[in-house]
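According to numbering that gives the first Met the number 0, the sequence shown is numbered sequentially starting from 0.
One or more of the hints may lead you astray.
[Unchecked claim] Below, computed lysine-lysine pairings styled on DSS-like, alpha-carbon distance capped at 25 Å: (1) Lys59 - Lys99; (2) Lys59 - Lys1; (3) Lys76 - Lys101; (4) Lys22 - Lys101; (5) Lys59 - Lys102.
No lab work stands behind these hints: they were computed from the structure. Since the structure is predicted, the reported quantities are computational estimates derived from the model, not experimental observations.
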Amino acid sequence: MKHSYENIVEIEHVLRKMSGIIKRKGREILNDFPITPPQFVALQWLNEEGDMTIGELSTKMFLAFSTTTDLIDRMEKNHLVERIRDQKDRRVVQIHLLEKGKKLINEVLDTRRKYLADILEDMSTEDVDQISLSLHQLFAKMEDDII
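When you get a sec, could you build the whole thing from the sequences and use the hints?
Written out as structure tokens, the structure is:
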């Protein structure tokens, strides 16, 4: 189905603006927590996906291996993560999210969700349900396109 060019331009524009607001507000929220934006992203991946190697985390974060190693070093010093050697192959090192890291990422996510709940507060349940449905549909199409 062909959609009007104007609609496509408008959707792209709104998504870009929303992305900027989410980034800005996310950084604002992180100012109240003892982690940096890249550490937040790393903790989020580990929280959602479980243990992974530095290489796997580097790929997911679109960072150089050395940059991710430095990031993990700082998080390990702060007792957010730990390196664990694989029992089957001692050369493989997994990054494991520690309880302090889980607690911290969940506090940050709760704060972000509270912000979104406040934004959506004046909207009807039907409107919020429709936004959720539309975003899920758009995300699924985009995800299918990159796999």
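Is it true that the CA of Lys76 sits at most 25 Å from the CA of Lys101? holds, 15 Å
Hint check: Lys22 vs Lys101, CA-CA at most 25 Å. Holds or violated? holds, 21 Å
Take a quick look at whether Lys59 and Lys1 sit within 25 Å of each other, Cα to Cα. violated, 33 Å
Pairwise hint evaluation, Lys99 against Lys59, where the allowed Cα distance is 25 Å at most: Given pair Lys59, Lys99 holds - Cα atoms ~22 Å apart, limit 25 Å.
Would you check the hint for Lys59 and Lys102, treating anything up to 25 Å between C-alpha atoms as holding? holds, 22 Å
When held up to the earlier numbered hints, the structure conflicts with hint 2 and nothing else.
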